[in-house]
Each structure stands twice: as C-alpha cells, then as structure tokens.
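In case you want the letters, here they are:
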Amino acid sequence: MSIIKDKNSIIRMFNVSKRFGKHYALKNITIDIQAGEFIFITGASGAGKSTLMKLLYLAERTSEGQILVDGMNLARISSSRVPYLRRKFGVIFQDFKLIPRKTVYENVALVLEAANEKPGIIKEKVLKILETTGMGKKINVLPPSLSGGEQQRVAVARALVGDPAIILADEPTCSLDSDSAQTILDFLLEYHSRGTTVLIATHNLQIISNTVNGRCISLVEGALTGAAKLL
Amino acid sequence: MSIIKDKNSIIRMFNVSKRFGKHYALKNITIDIQAGEFIFITGASGAGKSTLMKLLYLAERTSEGQILVDGMNLARISSSRVPYLRRKFGVIFQDFKLIPRKTVYENVALVLEAANEKPGIIKEKVLKILETTGMGKKINVLPPSLSGGEQQRVAVARALVGDPAIILADEPTCSLDSDSAQTILDFLLEYHSRGTTVLIATHNLQIISNTVNGRCISLVEGALTGAAKLL
Amino acid sequence: MLYYFKRVVSDILSNKFLNSITIATIALCILVVGVFALFFENACRIIQSGEQGGKMMVYLGPEFNINMLPQLKFKINALGETEKIIFISKQDALKQLKKDLASRSSFIDSLKDNPLPDALRVIMKKNVNKLETIKDLAVKIKKIPMVEDVEYGERWLGRFLSIFSLFKMTGYAISSLFFMIALFITANTIRLSFYARRQEVEIMRLVGATDKFIITPFYIEGLLQGIAGGIAGLGILFLFFLFLSSGVEKNIPLYMLFNIKFLSIKYSVIIIACSAFLGWLGCYLSLKQFLKY
Amino acid sequence: MLYYFKRVVSDILSNKFLNSITIATIALCILVVGVFALFFENACRIIQSGEQGGKMMVYLGPEFNINMLPQLKFKINALGETEKIIFISKQDALKQLKKDLASRSSFIDSLKDNPLPDALRVIMKKNVNKLETIKDLAVKIKKIPMVEDVEYGERWLGRFLSIFSLFKMTGYAISSLFFMIALFITANTIRLSFYARRQEVEIMRLVGATDKFIITPFYIEGLLQGIAGGIAGLGILFLFFLFLSSGVEKNIPLYMLFNIKFLSIKYSVIIIACSAFLGWLGCYLSLKQFLKY
Ligand SMILES: Nc1ncnc2c1ncn2[C@@H]1O[C@H](COP(=O)(O)OP(=O)(O)OP(=O)(O)O)[C@@H](O)[C@H]1O
Ligand SMILES: Nc1ncnc2c1ncn2[C@@H]1O[C@H](COP(=O)(O)OP(=O)(O)OP(=O)(O)O)[C@@H](O)[C@H]1O
Ligand SMILES: [Mg+2]
Ligand SMILES: [Mg+2]
Chain A
1 MSIIKDKNSI IRMFNVSKRF GKHYALKNIT IDIQAGEFIF ITGASGAGKS
51 TLMKLLYLAE RTSEGQILVD GMNLARISSS RVPYLRRKFG VIFQDFKLIP
101 RKTVYENVAL VLEAANEKPG IIKEKVLKIL ETTGMGKKIN VLPPSLSGGE
151 QQRVAVARAL VGDPAIILAD EPTCSLDSDS AQTILDFLLE YHSRGTTVLI
201 ATHNLQIISN TVNGRCISLV EGALTGAAKL L
Chain B
1 MSIIKDKNSI IRMFNVSKRF GKHYALKNIT IDIQAGEFIF ITGASGAGKS
51 TLMKLLYLAE RTSEGQILVD GMNLARISSS RVPYLRRKFG VIFQDFKLIP
101 RKTVYENVAL VLEAANEKPG IIKEKVLKIL ETTGMGKKIN VLPPSLSGGE
151 QQRVAVARAL VGDPAIILAD EPTCSLDSDS AQTILDFLLE YHSRGTTVLI
201 ATHNLQIISN TVNGRCISLV EGALTGAAKL L
Chain C
1 MLYYFKRVVS DILSNKFLNS ITIATIALCI LVVGVFALFF ENACRIIQSG
51 EQGGKMMVYL GPEFNINMLP QLKFKINALG ETEKIIFISK QDALKQLKKD
101 LASRSSFIDS LKDNPLPDAL RVIMKKNVNK LETIKDLAVK IKKIPMVEDV
151 EYGERWLGRF LSIFSLFKMT GYAISSLFFM IALFITANTI RLSFYARRQE
201 VEIMRLVGAT DKFIITPFYI EGLLQGIAGG IAGLGILFLF FLFLSSGVEK
251 NIPLYMLFNI KFLSIKYSVI IIACSAFLGW LGCYLSLKQF LKY
Chain D
1 MLYYFKRVVS DILSNKFLNS ITIATIALCI LVVGVFALFF ENACRIIQSG
51 EQGGKMMVYL GPEFNINMLP QLKFKINALG ETEKIIFISK QDALKQLKKD
101 LASRSSFIDS LKDNPLPDAL RVIMKKNVNK LETIKDLAVK IKKIPMVEDV
151 EYGERWLGRF LSIFSLFKMT GYAISSLFFM IALFITANTI RLSFYARRQE
201 VEIMRLVGAT DKFIITPFYI EGLLQGIAGG IAGLGILFLF FLFLSSGVEK
251 NIPLYMLFNI KFLSIKYSVI IIACSAFLGW LGCYLSLKQF LKY
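Heads up: the sequence lines are chains A, B, C and D, in that order.
Numbering-wise (this note's numbering), the first sequence opens with residue 1 and increments by one.
Numbering-wise (this note's numbering), the second sequence opens with residue 1 and increments by one.
Numbering-wise (this note's numbering), the third sequence opens with residue 1 and increments by one.
Numbering-wise (this note's numbering), the fourth sequence opens with residue 1 and increments by one.
Next up, chain A with everything else stripped away, as it sits in the complex (with noise of 0.2 Å):
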C-alpha cells in the first residue's frame, strides 16, 4: 500500500501512532477508506475510537505517520486552511458538544453561518433537520435545559445540516432510546446512500447487525484487530 493518492479513497491513514504521554491511545493505524463507505469501528471502552476520530479532523494531532483526508496532508495543511477542513466532516461529539448559552436553533444554524451560507437558505436547513431528528418543538430552548437524549438528537442535527462529505458519528445513540435510535440511524443511512462517507463509533451490537452493507474496524487497546486489517 502507497501513500499516493487513490481516485476513490476518501481518508487514508498510513501508520498513525498517536501517543499521550508515554501511553499509546493508538498504535500503527493503517485504513483506507472509500468515499461512500459506511464504517463501524467497534472496540472495548478506552480503545481509541474517539482519538481516531479526533485525529481526522484535526482536533488532535498525529505523533507518527501520516493521514489524507480527501487528498489532503493533514499534517501539512495550513492552519488558516483548517476551518475549510473541518467543514468537509460533520462530527456528533461523544460529549454532544453543545454550546450552552446558545439555542437549539442557533447550536444548528452555527455551522452554516460559519460556512457563510445565505439566512434564508440557514433558516429552511435548520428547521428542516430539527424537524426530522425530532427536536422541532424545542428550537428555542437552551440545551442545558433539554434531556441527554434530546441533546443528542441537537447534536446529530448539527454534524448534518451542513451536507458534509464525511460524517464521523461517535456513538450517536448511546443515549436514545431504541425508537429514536432507529431514526437516526436510518437518517445516516439515507445520507450514506446519497454518497456521504460514514463513520460511526459505536459498541452497540445491535445496531451494526441491523446494517447489512456496513464494514467493521474494530480496535483492541489501539490496535487494529486482525479482521480489518485484512481489508
């Protein structure tokens, strides 16, 4: 495997170590990801999903080798060019990531401002995904005032709204229900099957049996675990 660029890979790690300290939350991390795959990566609690993640969209940096991200080199990308990085992924934080002083509707409508989209086609988008994640009734209310499931959903409605080419979903429905789950996991899969890239952390079985076409990376301590390394 080369580092070259493939037509059809959208995210290529070659040998990503990531360390804290001395502690190694990631170890020789080698994946090539298809534009339009659906991805669950799968590993105990502490494993390093969410620091994979992370690593993707630059909010941690590699310590070893080297990541493209739409023929990008992440380690060599400008940080003036970072934003217009970041605007490619549509992230559900783990911890949701809501800011708390701001509503519902304006947590959403961030992300499209940020990219200077125009107000009316902000408004339409906006209400749009909050509607469908469910949260259309609460568009005005703070999020520390919303339930864990309820600000899940805001979450899921923020990474999408913006129509990114990769979404990196870390555990999205940890704090659904299994109806609400369903929903936005059918969500994902209908974004997946307009062509988005998806990656969705998760240990929930259940929902990665449910999802016939879905490859699976599992990690073990930081490690890729034999199955996906074959891939």
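Calculated directly from the structure, the hints in this document are not laboratory data.
Don't take each hint at face value.
Computed cross-link-like contacts, DSS-like style, restricted to lysine-lysine with a CA-CA straight-line distance of at most 30 Å [to be verified]:
id : chain 1 : residue 1 : chain 2 : residue 2
1  : B       : LYS137    : B       : LYS102
2  : C       : LYS261    : D       : LYS168
3  : D       : LYS99     : C       : LYS95
4  : D       : LYS288    : B       : LYS102
5  : C       : LYS73     : C       : LYS6
6  : B       : LYS88     : B       : LYS27
7  : C       : LYS98     : D       : LYS98
8  : A       : LYS97     : C       : LYS212
Given chain A's structure and the hints, the job is docking chains B, C and D with the ligands onto it.
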C-alpha cells in the same frame, strides 16, 4: 395510599408534578419504593426519567405534590440540611458531572471529604472502588483526558464510594461496551444484595431483561403507564 | 457586517453577566483615570490662579516723567506677552509704605525728599510661567533707558515653578501609569470572560468556524463595552464631582473663587474614545492567548 | 484546617490561570492606591517643607532693651509650640533695609534717628499649621508688655493653609474612593473567576458538600491572593518609585532638597493588610451571589 410514613418505604412520591414553564416534565406521579428495592425507570427520550431523579436529590424542586425520602419531607427541608440529604444518595449523573480540574482520585475522594471521612479511610476506599470499576490505572488523570466510557466509570465510582443508602443511576452504562457494562451492573447488584436501594434510569432493555428481581417503572411523557400504576 | 451585529446583540443578551462585569470594570478603571485627571487639572488651575503667571516690578530712574509712560508701556509690550502694566508713582509708593509701617511710620514725615522711585508692576500672561522666559524678559526690560532696576523674585519664583513643573510631570506620569493599569485590568477582565467562554470558542472552531468569524463579534463587543464603560465611568465621576464640589463650596466658601470645574467636553470625548480603545485592546491582548492553534 | 490548606494548595495549582489573573488584578489595584498615596504624601511633604510651619514677626516697643530678651523669649516659649526665636535688632534691620533698597538707599544716611523697631522672628513648629492656632498665638503675644505689634501674613497664610487643607481633604477622599474602586474591581474579578468555576461548585453541592466545605478554601485563597497581590503591587510601586525618583534627581537636582520618600514600612504593612482584606471581602461579596440556594 396515605402520605404517612410506612416502616419500609424509603421513597414516597405523592401526586408529584414538575413543570418547566408550561411544559409538564412529570405529571401526577405517585410511587412508593421500599428500602432495598431494585427499580428500573424506563421511558423514551424526554419522558422525565432524569427529572424524576433530580427531584429526589433536590437538584430541582417539585411544582406540585409531596416527596418523602427516608421520612423527610423534601418540601420542608431547610437549606442547611440539603447536603445531608444528598449524602444519602449516590448519583451517577447522565452527563457524569466530573470536575475537569481535579484528578480522577480527587473527584472520587471529594464525596468522602465532604462527609468528613478520615484521610486514611478515604484513601483506602477510593483506591478500592477505582480498582473495581477498572480505573485503577488512571487515578492521577484529569477527566477531559479520559475516554467517554472511562469518565462514566469514574462517575460510577464516585456515586458508590460513599456507601449511600440509595443509588440513583441515570443511564449508568450507555457509554460502555457490553463487558464493562455488565461489570458495572454486577457491581450495582452487589450493592443491592447488601440492602442498598437502587434506581436505574435506562432504555437498554437488555439490562432489564438480565435482571430478574428488578421492578420496572415506565414513564410516557411524564406520566406513569398502567403497569407501574398498579404497584 | 450587519450579520455580525446581530450576533453581537444575541451574544450580549446571552452573556449578560459577563458583559455587565466587564463594563463595570471598565467603568471603574475610567473612573480612576478620570478622578485623577479631575483632581490634577483642578489642582494645577488653582495653583496657577494663585499665581497668575509671572509678575515683576520695574523701577524707573529719576529722568522718567509721566508723559513718557505710554511710550514705555508700548516698548515693554513689544518685548513679551504681558497681561497688564500698572504704573505706581513714587507718591503712591510712599503712601503704601506709610500704611505698611503703620505705627512706626512717623519717620517718613521727617524726610525732606521722597526716596522711592516711580515703578511699573508688569503682570505677564498666564502661559508665561517658565523661569527662563521671565528672566529673559527682565533682562530685556532692564536694557530700556530710564529703567533702573527690575525685580522679579528670582529665587522664590524659580523654586515655585520648579515645584510646579515637578508636580505636573509627576501628574502626567501618574495619569499614563493609571491608563496603563486600566488597560491591564480591563485586559485581565476580558481574559477571564473569554476563559469562561473558552468552551464555546473551542466548539465553534471544531465545527469549522474561521478565526475571523469567531473574533469579529468579540471585538465589536469589546468596543461597545469600552464605550458603555467609558460613559458609565464618566457618569459616576460627574456624580462624584457634584457631590464633592457642593461639599467644598458649602464648607469652604472662600474657595468659590477657584470654582472647581468638571472635565471639558473635549476631554470627556477623549476619555470615552480611550475607553473604547481600552475595550478593543483588551480584547486584542486576551484573544491572542485563546486563539493559539 | 490543615486539610483545608491542602485543598487550597491543590486548588491554586489546578487553577493557575484564574489565580494569576486575580493576583495581577489585585496587584494593579494596590498599585493605583499606592501610587496615589505616594504622590499625595510627597506632595504634602514638599508643600509643607516649603512652608516650615507658621512664622511671625514680633515688633517691640522702644522700652525694650537687650537684657530683657531671655525673659521675653521664655514668655513666648511658654505660650505655644515655637521652634526658634531670632532677635533682630533695629540696627540689623536698618542694615537689611539699606541692602534691600540698594541704589535707592542714600536717603537712609540722611535720617537723624533709626526709625525701625527691634523685632523678634518667631518660627513655629511644623505641626503648627492651622490658621487659628497661629492667630491665637499672635493675640497672646501681643498682650505681652513691650510688644508693640505682631505680623504674621494673615491673608496670605490663611489662603495658603485653606488651599492646602482642601488639597489634603480631596486627597483623602480620592484615596478612599480609589480603595473602594479597588474593592469593586477585585470583587468583579473574583466573581468572574467563580463564574468560570461555578460548574465545579455546583457539582460539589450536588454530591453533598456543605457550603462551609465549599467556601472555606475560597476564602483562604482570597486572603492569599490578596497578600500576594499586595506584595506584588508594592513591589511594582517601588520599582516605579526608584525609576521616577532617580529621574527626578537627575533632571532637577534642585529637588534633592525635597528628597522624595517611599511609603514607610508601617504604611506598607497597612497596604498589604488592606490588600488581604480586599481579597477576602472580594470573595465574600462574590460568593454570596453564587451560593444562593
Ligand atoms: N487528551 C488525552 N490525554 C491523555 N490521554 C488521552 C487523551 N484522550 C484520550 N486519552 C486516552 O486514550 C485512550 C483512548 O481514548 P478514546 O477516547 O479514543 O477511547 P474510546 O475508544 O473512544 O473509548 P470510549 O468508548 O470509552 O469512548 C484512553 O485510554 C484515554 O484515556
Ligand atoms: N431545566 C429544564 N428546563 C426546561 N425543561 C426541562 C428542563 N429539564 C428537563 N426539561 C424537559 O423535561 C422533559 C423531561 O426531561 P428529562 O431529562 O427528565 O428526560 P429523560 O427521560 O431523562 O430523557 P433522556 O432519556 O433523553 O435523558 C424534556 O422534555 C426536557 O426538555
Ligand atoms: Mg470515545
Ligand atoms: Mg435523562
């Protein structure tokens, strides 16, 4: 059912409602929980599970109705007694609520320090419980450096370290893989077998079906459903 | 731009606590600078009004006669910025001496001749308050024929003016120091309020906002806070001034003479501008720290 | 107690940023108060040293003769706090007059008799600087036989002393105002730093900590911050003072006379104590807001 204290009741809610603005998060809840019971609170996202727990440890005040906890009427309790009420509970918060600038050890020790426990005992208890929840190797780490599941295990450790009379666990295993989740659940069952009252809010039906001797309270949009009402 | 203003308004509304604290701090800082400026300005004015610029006595020779006065006055006027020239004839001078000596004045009557010379009291404009200028003028006047001697209290005046200039110098130094302190305190406060909002900033960056998008509302807020703080500070200063000056006028009516004045409008506008700048610069200094990549 | 100190240390270590900002703000506030106190103290001292307490001339009647001098001096000394009494004989006075009049002194030689009286120059102690005290003394002295007249520049002195007392009064008012401002600013800063830690406080309360358990370390921290800030502020003030006084001494060597002095140790200790109090009170004011049930 009368509001008079029953010898075996540790928690009694009588016609309790909680309103946020015009929206009722809880409507007319009447429950009687015996000391040593193992209770599941289920319901869809936004049904009022967390709110019900918040009313018990006085993070929120009831809008209507009465709550008795261990014979104390929560509406009449003086604010200087509130800390002592709260020490009866061990709460696993849905959003963990770890103090970001204190280490894992300090976060857990805090509960015992606040209760004026002796330094020697604090150290022993804290190290033991962190070992049990699988966080023994990370005692000097700050919470923001932990993975989601690790944070949740610290939150569990903190809730249990004080040997509370009542454990309120709000989605205690949602960020955990099934092995870790089972460890935590077994641990809660162990406390239960020693006589601790345990309330778990969850929508993980698997947990519920694995636990034979639990009682299930179901909420739908803030109201008890038929099954629970009969109890 | 309009969009940014909208965001600023919603930001201010959703962070009322942080905003009011920052504005209060700026107002208090401006109050410090303002109080000192007011105190200092008035002290200078009172000292100077006690002094009314330089003064000198010009003693004239016996060859002088009253007809030469207009010409002499003209000559002196030509030499420097004089405010007033008062002629004191030797007769007047003798009368004054007699008065001054009071009970011991009898010997004056025994004099055959008036021993005193005619004289001019020259009062210079207020802005002439440098020892050198006055000295220069004295030397020039002394060169005029008919002038026998010039007296201007060299030692006393020199000393007074040096103290006064020291006072002024220190005052300016302290004013600038206070302004610097105000800047640091404001920057610290703004830094704390960013610190309280760092999570929000971090989230915005993670969802792809550029630094400019994040920073601009903060700058606008800083400017507005500065202006609000400046106005509030001046307002409190004015109340303080009203309170103090009415107290002073009641208790020490003598000093109605030196009516204490508030800062001029020009000065006030400058202070508000400085305050706006303070808010802006405070933001600038604090944001640098929070936007490191 | 020891336990609380341990918690304070770990708190300070884990909140270095908030702590350093608070200490810096307190230091700056103390600096403002200190600079003003220094300026004001020195200004007062210079003005007073230029004046050296009250002075008066006591003119003696013709019946006086030099043998009576010790007795007279004794009497005057008994009346009030005099620093020095200098005898000026009429001969000396005439010589001085001759010198003063210089070229116009010829008429003096034509006098049959010395018209001037013997006199005493009475210089009062520095602390005698109230117009009334001086007036009192003058009246009393005038009643002594042999004393013909007493002169003490009533008008000029009155005016000077009133300005001076106005200056002092304003100075004290401003000092206290600055102290109040320092308090508000400190309280604001501490409030912001609590705001940044409100989540932590909230969590502690939820796990059953009493208010006392939560508050105590904050108070201790406030005190320590106050002391640290006070020391830092005085340190900066001292540097500023060194810089300024060396500059003044170089440029205006004349003023070596009025050697500018730093605040006394007593004063410094008071300021540090005030600063500690500031930190404590700042905590008190801010905590009230955050611990409402
Ligand atoms: N900023 C950090 N500093 C130090 N260690 C970190 C940091 N972030 C993560 N780690 C460590 O790296 C390991 C992997 O963390 P990561 O968050 O990727 O786990 P995860 O697979 O997402 O687990 P979970 O399912 O519990 O969320 C953990 O042991 C964690 O403690
Ligand atoms: N502080 C608050 N202010 C206003 N509304 C609130 C507040 N807290 C909760 N609510 C509302 O009350 C309802 C019940 O919330 P609660 O957190 O109890 O739900 P939940 O059963 O815990 O849901 P989840 O499973 O998603 O955590 C929700 O609709 C929520 O939006
Ligand atoms: Mg994770
Ligand atoms: Mg909940």
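Evaluated hints:
1. A threshold of 30 Å between alpha carbons decides the hint, and for LYS137/B with LYS102/B the separation of about 16 Å falls inside it, so the pair holds.
2. Between LYS261/C and LYS168/D the alpha-carbon distance is near 18 Å, which keeps this suggested pair within the 30 Å criterion.
3. For a cut-off of 30 Å, the pair hint linking LYS99/D to LYS95/C stands: about 21 Å separates their Cα positions.
4. A threshold of 30 Å between alpha carbons decides the hint, and for LYS288/D with LYS102/B the separation of about 24 Å falls inside it, so the pair holds.
5. Of the supplied pair hints, the one linking LYS73/C and LYS6/C is violated, its CA atoms being roughly 69 Å apart against a limit of 30 Å.
6. Straight-line distance between C-alpha atoms of LYS88/B and LYS27/B comes to about 25 Å, which keeps the hinted pair within the 30 Å bound.
7. Distance restraint check for LYS98/C and LYS98/D: the Cα-Cα separation of roughly 17 Å lies within the 30 Å cut-off, and the hinted pair is therefore satisfied.
8. The suggested pairing of LYS97/A with LYS212/C holds, with an alpha-carbon distance near 21 Å, which does not exceed 30 Å.
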